[in-house]
Amino acid sequence: MTSRNKKALALRLGMLAAALAFIAVGASRGEAQEVMGKAVRICLECIGIG
Numbered sequence: 032m033t034s035r036n037k038k039a040l041a042l043r044l045g046m047l048a049a050a051l052a053f054i055a056v057g058a059s060r061g062e063a064q065e066v067m068g069k070a071v072r073i074c075l076e077c078i079g080i081g
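So for the sequence shown, our numbering puts the first residue at 32; every next one is plus one.
Just so you know, these hints were derived from the structure itself, not from any lab.
Computed from a predicted structure; not experimentally measured.
Backbone N, C-alpha and C define an ideal beta-carbon position, used for all residues, glycine too.
Errors might be hidden in some of the hints.
[To be verified] Label pairs and their calculated CB-CB ranges:
1) Ala48 <-> Ile78: 35 to 45 Å
2) Asn36 <-> Glu76: 43 to 53 Å
3) Arg43 <-> Ala70: 27 to 37 Å
4) Gly45 <-> Val66: 23 to 33 Å
5) Val56 <-> Gly79: 30 to 40 Å
6) Met67 <-> Arg35: 34 to 44 Å
7) Arg72 <-> Met46: 30 to 40 Å
8) Val56 <-> Glu76: 26 to 36 Å
9) Leu75 <-> Ser34: 46 to 56 Å
10) Ala70 <-> Met46: 17 to 27 Å
11) Arg35 <-> Glu76: 40 to 50 Å
12) Arg72 <-> Ala48: 28 to 38 Å
Starting from the given sequences, assemble the full structure and let the hints guide the process.
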């Protein structure tokens with residue numbers, strides 16, 4: 032592996048770790064239910080039911 036490939040791999044793994052950490056924090060705070068509720072309301076408004 033070249034130095035450039037190692038840096039790219041390290042950056043990708045770091046970004047993946049950060050993304051997983053943010054997902055875990057959001058899930059532990061109950062954000063998934065909030066987002067789903069908003070999505071349902073927006074969807075129902077778009078088709079004219081809500």
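Hint check results:
no.: 1; hint: Ala48 <-> Ile78: 35 to 45 Å; result: 39 Å, holds
no.: 2; hint: Asn36 <-> Glu76: 43 to 53 Å; result: 48 Å, holds
no.: 3; hint: Arg43 <-> Ala70: 27 to 37 Å; result: 29 Å, holds
no.: 4; hint: Gly45 <-> Val66: 23 to 33 Å; result: 25 Å, holds
no.: 5; hint: Val56 <-> Gly79: 30 to 40 Å; result: 36 Å, holds
no.: 6; hint: Met67 <-> Arg35: 34 to 44 Å; result: 41 Å, holds
no.: 7; hint: Arg72 <-> Met46: 30 to 40 Å; result: 32 Å, holds
no.: 8; hint: Val56 <-> Glu76: 26 to 36 Å; result: 29 Å, holds
no.: 9; hint: Leu75 <-> Ser34: 46 to 56 Å; result: 53 Å, holds
no.: 10; hint: Ala70 <-> Met46: 17 to 27 Å; result: 25 Å, holds
no.: 11; hint: Arg35 <-> Glu76: 40 to 50 Å; result: 48 Å, holds
no.: 12; hint: Arg72 <-> Ala48: 28 to 38 Å; result: 33 Å, holds
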